[in-house]
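Enquirer: Given the coordinates of chain U, assemble chain E onto it according to the supplied hints.
Residues per chain, in single letters:
Number of protein chains: 2
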Amino acid sequence: GGRSLQPSRKWIRDVWEFAREDTDRVKFAFKVGLAVLLTALLILFRAPYEVFGTNIIWSIITVAIMFEYTVGATFNRGFNRALGSIVAGIFAIVAIQIGLSSGHIAEPYVIGLSIFLVGAATSFMKLLPSLVPYEYGFRVALFTYCLIVVSGYRMGNPIRTSMDRLYSIAIGGLIAVLVNVLIFPIWAGEQLHKELVACFSSVADSLEECVRKYLRDDGSGDAEFSKKVLDDFPDEPAFKKCRATLNTSAKLESLAVSANWEPPHGRFRHFFYPWSEYVKVGAVLRHCAYEVMALHGCLHSEIQAPYNLRCTFQPEILDATNQAAELIRSLAKDISNMSRRSLHTNLLKRVHSSTERLQRSIDVHSYLLTSSTHDTAERFCPPARLSNAPSLNLKDFSDKLTEAAAAAPVLRSESYHESMKRQQRRLHSWPSREVDDGFDVDGGGGGAEADGTPRMKALESTAALSLATFTSLLIEFVARLDHLVDAVDVLAKLAKFKEDQQGLK
Amino acid sequence: GGRSLQPSRKWIRDVWEFAREDTDRVKFAFKVGLAVLLTALLILFRAPYEVFGTNIIWSIITVAIMFEYTVGATFNRGFNRALGSIVAGIFAIVAIQIGLSSGHIAEPYVIGLSIFLVGAATSFMKLLPSLVPYEYGFRVALFTYCLIVVSGYRMGNPIRTSMDRLYSIAIGGLIAVLVNVLIFPIWAGEQLHKELVACFSSVADSLEECVRKYLRDDGSGDAEFSKKVLDDFPDEPAFKKCRATLNTSAKLESLAVSANWEPPHGRFRHFFYPWSEYVKVGAVLRHCAYEVMALHGCLHSEIQAPYNLRCTFQPEILDATNQAAELIRSLAKDISNMSRRSLHTNLLKRVHSSTERLQRSIDVHSYLLTSSTHDTAERFCPPARLSNAPSLNLKDFSDKLTEAAAAAPVLRSESYHESMKRQQRRLHSWPSREVDDGFDVDGGGGGAEADGTPRMKALESTAALSLATFTSLLIEFVARLDHLVDAVDVLAKLAKFKEDQQGLK
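Keeping their order, the protein sequence lines are chains U and E.
Just add 242 to wherever you are in the first sequence, counting from 1, and you've got this note's numbering.
Just add 242 to wherever you are in the second sequence, counting from 1, and you've got this note's numbering.
Isolated chain U, as found in the complex:
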């Protein structure tokens, strides 16, 4: 029986890990249990039951339906339920009066017609884009209306029925809100805050990971993009997270909606805290993440710049990347600590100057990016470049670089032919399907490309230009950081982040 236990044991371990990962989940579960128990006590004990009667059963339904994970979402849902119930109650009483005054025979027809109209109207209105957030309220209004009208018709005294129901719903709602707020409250604002900070660091991690892999990768593997387009890239853990941030917009928005319902709490101590700014910063960050996705596409593209060429610009690319990642992490830290340091201007300056250096370096060596790439790259690889590089603030990289320079010639002399062959295979692997068909679909156009050589050369040049693409995307990423810094500044101002004196020089 040891084997059959394995899957269930694994499941238990998974659940345990899930609970330990965020203890709020366990707290939430116990809170729901407590809220339901408290409501049930109103019925289990004789005294309250005799006061409220069987209608008190509605308070249990209310608790079960209203209790949400965060305080804000519970408030939001409670508001929807309360407003829906009240509006439906008023409508129902009016409809019943009209039904009564229209006589005994007409009454069921009036009631039936009103139910049809209310059903159609609420269902249509909840589809309107501006009313979609109140979807639940319309649902509640519909069934409350039906219940009151129908039970009023069958049991008489509709006002009494609706008032009793309203009492029980109010009691259930009160218990749900009190338990949710007073016992280990889970604030949507806090969640939103953490979520945004996490997005920042996953973008920074993914950028670094992607660039590091681009510079390290010597062209082994990776030829099969087809299997990878929807893959999780198991050797790139940060990429998965970064891709996940692209889909956070709905989550951030719903958390911000919930957070708007929350009173000042914890670190968020003033009224009208600008939660919507979090969503905006998230959107700007996502626009940065699109560039990381494009960089990642470049990394896994089938047309690649030769490794030699990539390592020519290694120090500048690494420098710009590290500066950019540092800036993003510093922004994340500031949001996380709710502090406002003037450090960003300096960091931004540094990012720009290292990007500048990268641009200049590409300009100086731009002849490498055009034809006869390999030989030129051969001549101007790391050793030659070292003397050329402005090594003033590249101390931390010069070690790596010397290392690389020492290793590179050996690697090149040993496996030069092999790497060339691999390079050619990779170039040939694109265009992948049609390479054997001779490209004669447009009527045998162009005799020059019939023999493979000129096409080979064209691809070689494009391959070299793919390095230019990579750096351009990196530069575009840096350009977007300006707007990210601006967005965080606006957030810091509106949210009144405290000035951090440490940050000032």
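It should be emphasised that the hints constitute simulated quantities derived from the structure, not laboratory data.
Any given hint might turn out to be false.
Any copy, or any two copies together, can satisfy a pair, since identical chains are not distinguished.
Claimed, not checked - Calculated lysine-lysine pairs in the DSS-like style (CA-CA distance at most 27 Å, straight line):
{"id": "1", "residue 1": "Lys493", "residue 2": "Lys482"}
{"id": "2", "residue 1": "Lys252", "residue 2": "Lys436"}
{"id": "3", "residue 1": "Lys738", "residue 2": "Lys575"}
{"id": "4", "residue 1": "Lys269", "residue 2": "Lys735"}
{"id": "5", "residue 1": "Lys455", "residue 2": "Lys740"}
{"id": "6", "residue 1": "Lys738", "residue 2": "Lys522"}
{"id": "7", "residue 1": "Lys591", "residue 2": "Lys493"}
{"id": "8", "residue 1": "Lys455", "residue 2": "Lys591"}
{"id": "9", "residue 1": "Lys575", "residue 2": "Lys493"}
{"id": "10", "residue 1": "Lys522", "residue 2": "Lys269"}
{"id": "11", "residue 1": "Lys740", "residue 2": "Lys269"}
{"id": "12", "residue 1": "Lys522", "residue 2": "Lys482"}
{"id": "13", "residue 1": "Lys436", "residue 2": "Lys269"}
{"id": "14", "residue 1": "Lys482", "residue 2": "Lys591"}
{"id": "15", "residue 1": "Lys269", "residue 2": "Lys455"}
Small disclaimer: the values here were computed from a predicted structure and weren't measured.
Expert: Frame of chain U; chain E shown alone:
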């Protein structure tokens, strides 16, 4: 009072437009009204009311809560509600038996404890990622359990209570399902099908729009990226749609989940229709759309290749773009018609060969992309290029090109100095913040860039390389089309799309 009527009139017109845009919305509203009315009749008429009693009120709640927009979603919600109710009922009866056997004094404690445990367990389980889709079922299970246990304790005969409740829920559910399926059914599968086709065309439109703007744009306006990062780009209607497709993943997934619940219907006539493949095709398409986003970023980047240079490669870029857009539209049409044409291989070949031509052209003119851009571009602009271009299948472009060639020299000679000035201003606008600070943050590094000239030149070269970036991204986009074609092929095979004889040569 004419003025005060304006907003309400506008609102009514908006609602009218909303209803006309998709008449399914109105149908849905009337269907809900009908379903609620039918359920209410069970109570309004004396005969059924005397059979079922007051418990029939639960069927109204069931209809109001279960009636969803699509057939699949209604089935899904109904399944959740049914399973939740049944499981809760069984648990409740077991708990009541245990309570009864534990004696009169212990009974309320046993019931209270069981309510707490069930509340905590269901709440924790619905947080588990694998059980999140059944969130509603857990909610139903919780309140059904509480209701049966509590009302069983107070009113006795729990099995009778729960059976009555189950009957009423079943009646409500049946009415909801019958009305939803038999009267103007709105199928989730149909919606998913249309949604995916719409995503295809918005990607194609956005690609064409972006490239057309890139080639047409002479550098006017657009300097203020800051205002635009979150803007809707009002002059680019397709971009907005394309950006919207990036956020469709959740929508496609939920539609696919709903569609899996639907029986064969309409055009989707066999069992186990591969709805999940739609989600996969959507994911591959999104990966193509990321490249369009990057192209768009390139278009609005502050570093731009000179207009002259861009128009040098205009025919090849336009050709590749049009071929790619045509391929995407053809894929969309195939999915839309559920047909399988062998045309795609030809289209893909054509896309690849025109991309090939673009690559070759860039290789031939790659010296344009390096230093002293302007003068060279001047020399090699349209007139010179025309003789060079393989005009065999560029007939449709040659007209435009001749036009451009005729217009270009006039434009250039007239406003050459002005465009140069604008170009320089644009180059200077980046790096936007630090340009006055002298870049001395890293300790006065590098004396060469102290005077503006070399930096200017570096930026000019990078500006030219931005064209290489644009074309590389376009080529990467085309490379991803291979995978899109593959994904659509898999879908066509699994969904048994019919072979279209027209498509065969």
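Enquirer: Each hint: holds or not?
Expert: So, going through the hints one by one against the coordinates:
Proximity of Lys493 and Lys482 under a CA criterion of 27 Å is satisfied in both settings, with 17 Å inside one chain copy and 20 Å between copies. Taking the shortest Cα distances, Lys252 and Lys436 never come within 27 Å of each other, neither inside one copy (29 Å) nor across copies (41 Å). For the homomeric pair Lys738 and Lys575, the shortest alpha-carbon distance inside one copy (16 Å) is at most 27 Å, but the shortest distance between copies (53 Å) is not. Neither within a single protomer nor between protomers do Lys269 and Lys735 lie at most 27 Å apart by alpha-carbon distance, with minima of 34 Å and 48 Å respectively.
Taking the closest pair of Cα atoms, Lys455 and Lys740 never come within 27 Å of each other, the shortest separation being 38 Å inside a single copy and 44 Å across copies. For the identical chains of this complex, Lys738 and Lys522 are intra-copy neighbours only, at 17 Å inside a copy versus 44 Å across copies, given an alpha-carbon limit of 27 Å. Proximity of Lys591 and Lys493 under a CA criterion of 27 Å is satisfied in neither setting, with 33 Å inside one chain copy and 41 Å between copies. Taking CA atoms no more than 27 Å apart as the test, Lys455 paired with Lys591 passes inside one copy only; the shortest distance there is 26 Å, against 32 Å between copies.
Taking the closest pair of Cα atoms, Lys575 and Lys493 come within 27 Å of each other only inside a single copy of the chain (21 Å); across copies the shortest separation is 33 Å, beyond that limit. With identical chains, the CA atoms of Lys522 and Lys269 are never at most 27 Å apart, being 31 Å at best within one copy and 37 Å at best between copies. In this homomeric assembly, Lys740 and Lys269 never come within 27 Å of each other (Cα to Cα): the closest approach is 31 Å inside a single copy and 54 Å across copies. For the homomeric pair Lys522 and Lys482, the shortest alpha-carbon distances inside one copy (22 Å) and between copies (17 Å) are both at most 27 Å.
With identical chains, the CA atoms of Lys436 and Lys269 are at most 27 Å apart within one copy only, with a shortest distance of 18 Å there and 43 Å across copies. In this assembly of identical chains, the alpha carbons of Lys482 and Lys591 never lie at most 27 Å apart, being 30 Å within a copy and 33 Å across copies at closest. With identical chains, the CA atoms of Lys269 and Lys455 are never at most 27 Å apart, being 41 Å at best within one copy and 54 Å at best between copies.
Of the numbered hints listed earlier, those contradicted by the structure are 2, 4, 5, 7, 10, 11, 14 and 15.
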